[in-house]
Each structure stands twice: as structure tokens, then as C-alpha cells.
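*Asks:* For reference, the chains in residue letters:
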Amino acid sequence: MVWVNDIIQGLLIGGLYALFACGLSLMFGVMKVVNLAHGDLAVVAGYIAIGVIFVTHVPVLWSFVIVVPVMAALGYVLQRTLIQGALDRGVLTTLIVTFGLSTVIENGLLQFFSANTRGIGSGLGLVTDSFSLGSQIQIGYLPVIIFAVAVAVLLGLQYFLSSSKYGRLIRAVADDSEAAQLSGADYRHVFGIAAALAFGTVALGGLAYGLSDQFDPTAGTDTILLFAFAAVVIGGLGSLWGTLLGGVVLGVAQAVGYQFFTDEVTGGYLVFLAVLVLRPQGLTSRRART
Amino acid sequence: MSAASQPLNPPVRVSRSQRNAIWTGAGALIVVLVLAYLPYIVYSGTTGILVQGLIVLTLASMWNLLAGYAGLVSVGQQAFVGLGAYFVLILALHGIEPIVALPVAAIGSGVVALPLWWLVSRLRSGYFAIATWVLAATIMLVIEKFSSIGGGTGMPLPGFAGLAPTLLSAYTYWAALAVTVVSLGGIYLLLRSRLGLVLTAIRDDETAARSSGARVGLARLLVFVVAGAGCGAGGAVLAISQLQVQPSAVFSVQWTAEMAFAAIIGGLGTIEGPIIGTVLYMVLQQTLASYNAWYLIILGLVAIAVALFARRGIWGLVDDKLGIRLFPVGYYLWPPGENPRGLLGVRRPVRG
Chain A
83 MVWVNDIIQG LLIGGLYALF ACGLSLMFGV MKVVNLAHGD LAVVAGYIAI
133 GVIFVTHVPV LWSFVIVVPV MAALGYVLQR TLIQGALDRG VLTTLIVTFG
183 LSTVIENGLL QFFSANTRGI GSGLGLVTDS FSLGSQIQIG YLPVIIFAVA
233 VAVLLGLQYF LSSSKYGRLI RAVADDSEAA QLSGADYRHV FGIAAALAFG
283 TVALGGLAYG LSDQFDPTAG TDTILLFAFA AVVIGGLGSL WGTLLGGVVL
333 GVAQAVGYQF FTDEVTGGYL VFLAVLVLRP QGLTSRRART
Chain B
49 MSAASQPLNP PVRVSRSQRN AIWTGAGALI VVLVLAYLPY IVYSGTTGIL
99 VQGLIVLTLA SMWNLLAGYA GLVSVGQQAF VGLGAYFVLI LALHGIEPIV
149 ALPVAAIGSG VVALPLWWLV SRLRSGYFAI ATWVLAATIM LVIEKFSSIG
199 GGTGMPLPGF AGLAPTLLSA YTYWAALAVT VVSLGGIYLL LRSRLGLVLT
249 AIRDDETAAR SSGARVGLAR LLVFVVAGAG CGAGGAVLAI SQLQVQPSAV
299 FSVQWTAEMA FAAIIGGLGT IEGPIIGTVL YMVLQQTLAS YNAWYLIILG
349 LVAIAVALFA RRGIWGLVDD KLGIRLFPVG YYLWPPGENP RGLLGVRRPV
399 RG
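Heads up: the sequence lines are chains A and B, in that order.
Using my numbering, read the first sequence as starting at 83 and increasing by one per residue.
Using my numbering, read the second sequence as starting at 49 and increasing by one per residue.
Treat the hints as calculated values from the structure; they're not laboratory data.
Some clues are possibly wrong.
Listed next, the stretches of chain B that the computed footprint assigns to chain A, with coverage defined by at least 3 CB atoms under 8 Å from CB atoms of chain A [claimed, not checked]: (1) 115-124; (2) 176-182; (3) 306-314.
So the derived list for chain A, only partly shown, Cβ under 7 Å to chain B, looks like this [as the list claims (entries may be wrong)]: (4) 167; (5) 175; (6) 177; (7) 182; (8) 186; (9) 189; (10) 190; (11) 216; (12) 219; (13) 308; (14) 311; (15) 347; (16) 348; (17) 351; (18) 365; (19) 366.
Glycine included, C-beta positions come from ideal geometry on N, C-alpha and C.
Based on the sequences and whatever the hints tell you, model everything.
*Replies:* Rendered as C-alpha cells:
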């Protein structure tokens with residue numbers, strides 16, 4: 083019964099990891115940018131939410147309506163300035179700039195908000211309530227909701243990219259930005275829009291994490307970035323459904339691994355390494371490694 | 049010799065440097081000798097700060113070799129810092145003196161780099177970067193499982209009992225200096241070798257290097273191993289200077305941030321760059337010591353600005369203006385009739 087419980091809990095937390103991963107996957111898929119500040123930006127979203135709640139006293143969930151657009155706007159601006167500037171100078175510069183950004187954000191948050199852990203939804207019924215399945219399995223409402231949100235976000239992105247007019251534009255720019263530019267699309271603007279989308283999901287990931295766990299400034303890299311990356315690699319680079327599968331596999335591996343290693347991280351990384359060795363293209367990807 | 053192979057014009061001359069390099073060699077020797085004599089004339093507090101600087105210089109030089117030459121952005125070099133520290137700790141627990149354990153730790157870290165390369169080389173550029181980070185986190189988690197070497201809290205480094213504190217700090221300083229000199233000397237010789245030519249080619253244009261038949265993969269493997277050994281040596285010095293090995297401290301990503309920023313600000317793709325960058329890093333760190341992490345924030349911002357607006361760093365600016373190379377690793381082509389031993393102000397030769 084312990085195993086069944088572990089697998090169910092791991093599966094549900096996989097939704098959160100997929101939410102972490104989809105922004106990373108989208109930025110790489112469209113701009114070929116690996117954003118090393120990905121996790122720190124998610125943590126920034128958490129701190130913005132705390133600030134918004136503190137100042138305006140809106141109910142916790144209402145703050146999200148403000149935070150997600152703010153982060154999306156930040157994504158557009160960052161993409162048009164810093165990230166595009168780095169992209170024009172090559173992959174190495176993109177990595178250096180986003181790594182610099184990651185360090186600056188993390189240490190900046192440490193300076194201003196200290197290393198104390200914080201949570202967004204402490205005391206919220208939604209966060210603590212659960213229902214039971216049989217006599218031994220307790221399932222929280224929050225993980226179920228986060229999983230549903232993750233699936234909805236992935237479905238929405240999938241639909242948007244494959245069926246909408248703007249999604250087609252994004253795919254065109256992702257395939258060949260210069261050819262798209264020649265056909266009249268301003269690829270920098272399209273990159274900005276894609277970054278705004280990605281940052282919106284980053285914000286959702288950060289907020290979901292803030293609701294379900296306590297976070298501090300180091301959570302951005304130690305947890306969010308590395309878990310997002312592990313989920314992307316396990317699932318297969320550049321596949322949105324692979325991302326969900328990767329998140330779920332990582333979540334289950336962590337939960338089951340807890341029984342062996344007494345911490346919830348080692349098991350997940352060992353599965354990540356096993357996938358890297360046995361199937362470097364990821365579980366879902368049919369193509370050769372990218 | 050047939051007449052056909054005789055050049056029609058006087059041959060183009062090739063030299064390693066624009067000016068006579070003996071003076072910089074002599075200068076380097078004097079600097080090292082003066083540095084080696086320091087423990088006799090300054091307080092141990094000063095050598096303690098210098099040890100910190102020498103560790104960062106060693107690490108930054110290794111990161112420069114990775115990112116500046118081989119095009120490998122690793123954000124998981126703290127894995128090797130931690131491994132080096134733990135090799136020293138484990139050997140010291142078995143009764144081997146830490147100073148003796150230091151070279152073993154360096155070699156051990158280099159050996160561990162081989163299987164790690166096999167894992168991370170499956171991914172390219174950005175994903176390679178995060179993969180090294182995940183590896184570092186995994187290695188720390190695995191080490192934390194062994195309570196005999198301190199588990200999650202770490203343990204003090206044995207082996208120095210009965211040694212006078214002044215003597216200990218002098219030994220530590222000499223060990224750090226030796227590691228730095230061997231690292232810089234090793235990188236210098238490496239870059240002057242055949243492999244250095246391949247690395248310089250990768251630095252300038254990877255695709256062109258590949259199509260010219262350069263064995264890019266092999267060169268990268270060797271650089272990863274050398275950088276692993278170098279960062280392991282840095283970690284070993286760290287363990288000796290702190291007399292304490294704590295997993296979250298030695299495996300902190302802050303090490304990679306510091307080495308990367310020092311290398312980037314000083315100038316990637318030159319040996320001199322990390323030296324300048326480390327000096328700047330130490331000045332900032334010492335001035336802002338009472339303001340916690342502010343020095344890292346400022347370093348990060350400067351590194352971003354340098355990456356965007358002065359890609360070859362501070363040394364790149366110096367090189368552009370004056371054409372000085374302290375470590376001649378390239379080649380200069382001299383058109384016939386020009387004097388390779390010219391002074392400042394001669395027409396700039398074609399740089400190779």
C-alpha cells in the first residue's frame with residue numbers, strides 16, 4: 083500500500099514538474115535559448131505574489147491574476163533586450179548572460195528577503211485539505227488541481243502552437259527566423275511573444291510551488307531549474323507531451339526513491355542519469371538527439 | 049631539393065610572440081619567487097586572503113580552458129571542487145598527510161571526469177550546462193549518504209594536529225601557490241602544443257575546425273579531464289585552508305559563479321584574462337566583504353555587461369590597444385623584411 087501511495091503522490095507532483103519544465107522547453111524550442119535563470123524567475127514570481135498579497139490584501143488566488151501577466155510582460159521585455167542581445171552574439175553569450183542573471187537574482191533575493199523560507203498559501207483551506215482513497219491513501223486537493231492546471235496549460239500550448247495562426251507564426255520563426263523575417267514576420271517580436279508565453283508558465287510554476295511548498299531564494303536553481311531540466315531530458319527534448327511524461331516519471335522516481343535513499347531527490351536524478359545513458363533522446367522522442 | 053620547392057620570395061617569418069618573450073618569462077619567475085617568499089614577511093591573515101585568490105585563479109583558469117577554448121559552458125564545476133576536497137578528507141582519514149593527498153586528489157578528480165564526460169557529452173551547449181549542474185547535485189547527494197565521511201554535515205579535516213598555526217598557514221599558502229603555478233604552467237604548455245592549436249581553432253570557429261579535420265570531440269574530452277583535475281586541486285587546497293569539509297559549502301554553485309565571472313570579466317580565450325579577472329574579483333570581494341553577497345551581484349552584472357559589450361573582456365581591450373601577450377601561445381606572421389623583435393609602435397603583424 084505504501085508503494086501505491088508513493089506512485090499516486092509522485093504522479094501528481096509530476097504535474098508540478100511538467101509546469102516547471104514547459105517554459106524551459108518552449109524557450110529552447112523557439113529561440114534555442116537555454117535559460118539558466120528559469121528557476122530563479124519562477125521564485126521571483128512567488129515573491130511578487132507575496133508582495134501583491136501584502137500590499138493589496140487580495141485573496142491569495144486573485145494575486146495570480148496580477149502576477150502571471152506581470153511575469154509575461156517581464157518575459158517580453160527581457161527577451162527583447164538582454165536575451166536577444168545575447169542571442170545575436172552566440173550560444174556561449176546566451177549561457178553566460180542567463181547564468182549571470184540567475185546569480186544576480188538569487189543573491190539579490192537573498193539580500194532583500196533573507197534566506198528564510200516562505201509560502202504563499204499558508205492557512206488556505208485549499209492547500210491543507212485532502213480526501214482519502216481507501217483507508218491509507220490521502221490525496222490533497224492542491225496536487226490534483228496543479229496536475230489539472232499543468233495538463234490544461236500543455237493542452238492549451240499544444241493547441242495554440244499547432245492550430246492557431248499566431249502559433250503557426252511562432253513555429254515558422256522557430257524553424258528559420260531569417261526566412262520568416264523575409265516573409266514579413268518580425269522575428270524579434272515573435273520571440274518576445276514566445277518568451278512572454280514561457281514566462282507566463284514560469285510564473286504559474288513558481289506560484290504552484292509556492293502554494294504546495296515553502297521556498298527560499300535558492301529553490302530557483304536547486305529545485306525548479308534542475309527538476310525542470312531532468313523532466314525535459316527524461317521526456318525528450320522539444321516535445322510538450324514528453325515534458326508531462328518526464329515530469330510524472332521524475333515525480334514517481336522521487337517518491338519511490340524516498341523509500342531507498344531517505345531523501346526525495348536522489349531517486350529522481352538516478353532515473354535521469356539512466357535515461358541519459360540508455361535513451362539520450364528521451365522517452366518519447368523518435369528523432370536522434372538534438 | 050628541386051628548384052620548385054624553393055620559395056620565390058623571401059620566406060614569411062613565423063614567431064611565437066611579437067616581442068622577445070624572455071622578459072615576460074623572467075618576470076613570471078620573479079613574481080612567483082616573490083610570492084613564494086611572502087609568508088616570511090607578511091601576516092598569516094594576508095596569506096589567507098591570497099590563498100583564496102589563488103584558489104579562484106586556478107578555478108577561473110580551468111573554466112577559461114573549458115568555455116574560452118573548448119566552447120564548453122559547464123555550470124557544474126563545483127562537482128570537482130567538492131570531489132577534490134573529499135579526496136583529501138578521505139585520504140586524511142586513512143592517515144595520509146593532506147599535503148601529500150593533494151596531488152592524489154587532483155589526479156582522482158581528473159579520473160572521475162572521464163565517466164562524467166561520457167554522461168554529459170550526450171547533450172550539447174545549453175543542456176550540457178544544466179546536465180553538469182545536475183551531476184554536481186547528484187554527486188553531493190551521494191556523498192551525503194556516507195556518514196563515515198561526515199554525511200550531510202561534513203567533518204573537520206584531520207592530519208594537522210600539533211602543527212603551529214603560522215607554519216600551517218605558510219604550508220597552505222605554498223600548496224595553493226604550487227597548485228596555481230602548475231595549473232597555469234600546464235595550461236600554457238597545453239595551449240602551445242598540438243592540442244592547443246586544435247583548441248584555438250575551436251575557439252575561433254568550431255565548424256571550420258571540424259571541417260579542417262580537427263578532432264574536436266577528443267580535444268573536448270581532454271579539456272574536461274584537465275579542468276576536472278585542476279578544479280579538484282583547487283578543492284583540495286580549499287579543504288586544507290578551511291580545515292573543514294562541508295558538502296553544501298564545497299559543492300556550492302557559487303564556486304562556478306566565481307570562477308566563471310572572474311574568467312569572463314578578465315577575458316575568455318586568453319591565459320592573462322583569468323588573472324586580471326581574479327585580481328578584480330579579490331578587490332571587489334575584499335572591499336564589499338561586509339555586505340554579504342553584494343560582490344556576487346556586482347560581479348554577475350559586470351559579467352553580463354562584459355559578455356554583451358566587450359566580448360574579449362578586460363584583457364581583450366588591453367590586447368587590442370597594445371598587442372601585449374604575457375603568455376605567447378599563438379603565432380605571428382611577419383611579412384618579409386619586418387623585424388620580429390620590434391618595439392611598441394611597429395606595424396601590427398598578421399595575428400595567427
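*Asks:* Which of the listed hints are not met by the structure?
*Replies:* Hints 11, 12, 18 and 19 contradicted; others consistent.
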